[in-house]
Amino acid sequence: MGKLHIKKGDMVLVLAGKDKDVRKSNGKYPAPHKVLKVLVDKERAIVEGVNIVSKSTKPSAKNPQGGIIKQEASIHISNLSLVDPKTGEPTRIAIKREGKKVTRIAKKSGEEIK
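Numbering follows my numbering, in which position 78 of the sequence shown is assigned residue number 78; successive positions increment by one, without gaps.
Check the hints yourself; a few may be wrong.
Claimed, not checked - In the BS3-like style, the derived pairs of lysine-lysine whose C-alpha atoms are separated by at most 27 Å in a straight line are:
id, residue 1, residue 2
1, Lys-34, Lys-20
2, Lys-8, Lys-42
3, Lys-70, Lys-18
4, Lys-114, Lys-7
5, Lys-34, Lys-3
Keep in mind that the hints were calculated from the coordinates and are not lab data.
Full structure from sequences and hints, please.
Structure follows, in structure tokens:
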């Protein structure tokens with residue numbers, strides 16, 4: 001298992017699945033989604049507003065009513081693409097190492113990804 005190209009807080013587009021981001025008729029991509037959590041050992045990520053599932057919950061002190069709640073489920077990292085900070089389009093990344101410092105750079109524009 002290698003390093004993952006996506007980190008918590010990154011803006012991503014969904015490439016596959018039921019929530020796939022499709023290019024609009026004017027050639028623009030829809031608004032990207034924010035990564036909430038990365039599950040490194042499973043190579044999956046939880047992305048805001050993507051892969052919403054219904055979950056049944058029992059009544060508890062936190063939720064005395066119980067019932068059905070909607071929440072985000074994980075999606076595989078391979079189905080996500082990082083968004084170029086300059087153009088807003090999906091891009092691959094390059095890893096640049098200077099000693100211990102590691103920098104991620106967008107392939108399309110050459111911009112550094114924070």
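Going through the hints against the structure:
no.	hint	result
1	Lys-34 to Lys-20	holds, 14 Å
2	Lys-8 to Lys-42	holds, 15 Å
3	Lys-70 to Lys-18	holds, 16 Å
4	Lys-114 to Lys-7	holds, 10 Å
5	Lys-34 to Lys-3	holds, 20 Å
In the structure shown, no violation is registered for any of the earlier numbered hints.
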